[in-house]
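Dock chain B against the given chain A, drawing on the hints supplied.
So the protein lines, in turn, are chains A and B.
Counting from 1 along the first sequence, just add 458 to a position and that's the residue number in the numbering used here.
Counting from 1 along the second sequence, just add 458 to a position and that's the residue number in the numbering used here.
In short, the hints are calculated from the structure, not lab data.
Every residue, glycine too, gets a C-beta built ideally from N, C-alpha and C.
Check before you lean on any hint, since a few could be wrong.
Stated by the list, open to error - Straight line, CA to CA, 25 Å or less: simulated BS3-like cross-link-like pairs of lysine-lysine:
{"hint": "1", "chain 1": "B", "residue 1": "Lys554", "chain 2": "A", "residue 2": "Lys486"}
{"hint": "2", "chain 1": "A", "residue 1": "Lys553", "chain 2": "B", "residue 2": "Lys486"}
{"hint": "3", "chain 1": "B", "residue 1": "Lys486", "chain 2": "A", "residue 2": "Lys554"}
{"hint": "4", "chain 1": "A", "residue 1": "Lys553", "chain 2": "B", "residue 2": "Lys480"}
{"hint": "5", "chain 1": "A", "residue 1": "Lys480", "chain 2": "A", "residue 2": "Lys524"}
{"hint": "6", "chain 1": "B", "residue 1": "Lys553", "chain 2": "A", "residue 2": "Lys480"}
{"hint": "7", "chain 1": "B", "residue 1": "Lys480", "chain 2": "B", "residue 2": "Lys524"}
{"hint": "8", "chain 1": "A", "residue 1": "Lys480", "chain 2": "B", "residue 2": "Lys554"}
{"hint": "9", "chain 1": "B", "residue 1": "Lys553", "chain 2": "A", "residue 2": "Lys486"}
{"hint": "10", "chain 1": "B", "residue 1": "Lys486", "chain 2": "B", "residue 2": "Lys524"}
{"hint": "11", "chain 1": "A", "residue 1": "Lys554", "chain 2": "B", "residue 2": "Lys480"}
Stated by the list, open to error - Only part of the chain A face toward chain B is listed, based on derived beta-carbon distances under 10 Å:
{"hint": "12", "residue": "Glu464"}
{"hint": "13", "residue": "Thr469"}
{"hint": "14", "residue": "Leu470"}
{"hint": "15", "residue": "Arg472"}
{"hint": "16", "residue": "Asn485"}
{"hint": "17", "residue": "Asp502"}
{"hint": "18", "residue": "Phe530"}
{"hint": "19", "residue": "Val534"}
{"hint": "20", "residue": "Asn545"}
{"hint": "21", "residue": "Glu549"}
Protein chains: 2
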Amino acid sequence: MTTPLEDAMDTLIRIFYHYSGKEGDRNKLSKGELKELLTSELTDFLSGQKDPFLVDKIMNDLDSNKDNEVDFNEFVILVAALTVACNDFFEEHLKKEGF
Amino acid sequence: MTTPLEDAMDTLIRIFYHYSGKEGDRNKLSKGELKELLTSELTDFLSGQKDPFLVDKIMNDLDSNKDNEVDFNEFVILVAALTVACNDFFEEHLKKEGF
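Okay, chain A solo, but in the shape it has when bound:
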């Protein structure tokens, strides 16, 4: 019996490997795999974005060791940063509603 938090952590691991295993090093996301993951799994996040270089920018920001691939640690940092950004938006929204 797992908890929702354990399920969420498990989801992160499963999603990463689902895309990283498609080509090349199966423990890392190539730029194509990252793009596929973002467009398929973060549709709401990307739907408002019109920047054609967004995936290149995210790849550049994430790829701290500059091997042009994203490993699991780099991926988790992306998800953490996005979650913090969503949360900041949520807190701001609550403040406006007078909570």
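Positioned in the frame of chain A, the structure of chain B alone reads:
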């Protein structure tokens, strides 16, 4: 319609506020709230732990601004670190099985 990754991010936000709202600053986890979150939501992770000071140690490590409370950014860093640790274990296991 949300994706599993968006659901996972949503879960992190919901769990944090469920516990942080119990006492004091409702946007931060006190030591008691952190302990309750860890024992209720990461049961598998904590079940093998016998260190009575574990929660104090985690609090100390997370509380980067030393206010004796854990904010959402500090909480996400904990979850990211635990997920990376689980993933390292998973990769090691795959290697041993000859993948």
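Hint check:
For a cut-off of 25 Å, the pair hint linking lysine 554/B to lysine 486/A stands: about 19 Å separates their Cα positions. Distance restraint check for lysine 553/A and lysine 486/B: the Cα-Cα separation of roughly 15 Å lies within the 25 Å cut-off, and the hinted pair is therefore satisfied. A hinted pair counts as satisfied when its Cα atoms are at most 25 Å apart, and lysine 486/B with lysine 554/A qualifies at roughly 19 Å. Using a Cα cut-off of 25 Å, the hinted pair lysine 553/A and lysine 480/B holds, with the two alpha carbons roughly 19 Å apart.
Restraint check for lysine 480/A and lysine 524/A: satisfied, since their Cα atoms lie roughly 21 Å apart, inside the 25 Å limit. Restraint check for lysine 553/B and lysine 480/A: the C-alpha separation of about 18 Å stays at or below 25 Å, so the hint holds. Of the supplied pair hints, the one linking lysine 480/B and lysine 524/B holds, its CA atoms being roughly 21 Å apart against a limit of 25 Å. With a C-alpha separation of about 22 Å, the suggested pair lysine 480/A and lysine 554/B falls inside the 25 Å cut-off, and the hint holds.
Taking the CA atoms of lysine 553/B and lysine 486/A, the gap is near 15 Å; set against the 25 Å cutoff, the hint holds. At most 25 Å may separate the alpha-carbon atoms for a hinted pair to count; lysine 486/B and lysine 524/B meet this at roughly 13 Å. Of the pairs offered as hints, the one joining lysine 554/A and lysine 480/B holds, with about 22 Å between alpha carbons and a cut-off of 25 Å not exceeded. Interface hint at glutamate 464/A: satisfied, since its Cβ lies 6 Å from the closest Cβ of chain B, which is below the 10 Å cut-off.
With 10 Å as the threshold, the beta carbon of threonine 469/A comes within range of chain B, its nearest partner Cβ sitting at about 4 Å, so the hint holds. Because the closest C-beta pair between leucine 470/A and chain B is about 5 Å apart, less than 10 Å, the hint holds. With a least beta-carbon distance of about 8 Å to chain B, the hint placing arginine 472/A at the interface is held under the 10 Å criterion. For asparagine 485/A, the interface hint holds, the least distance from its beta-carbon to any beta-carbon of chain B being 7 Å, beneath 10 Å.
Interface restraint check: aspartate 502/A against chain B, minimum CB-CB distance 6 Å, threshold 10 Å, status holds. At a threshold of 10 Å, the smallest CB-CB gap from phenylalanine 530/A to chain B is about 5 Å, leaving the interface hint in force. Residue-level restraint check for valine 534/A holds (minimum Cβ-Cβ distance to chain B is 5 Å; threshold 10 Å). With a least beta-carbon distance of about 5 Å to chain B, the hint placing asparagine 545/A at the interface is held under the 10 Å criterion.
Hint status for glutamate 549/A: holds, given a least beta-carbon distance of 7 Å to chain B, under 10 Å.
Taken one by one, the earlier hints all hold for this structure without exception.
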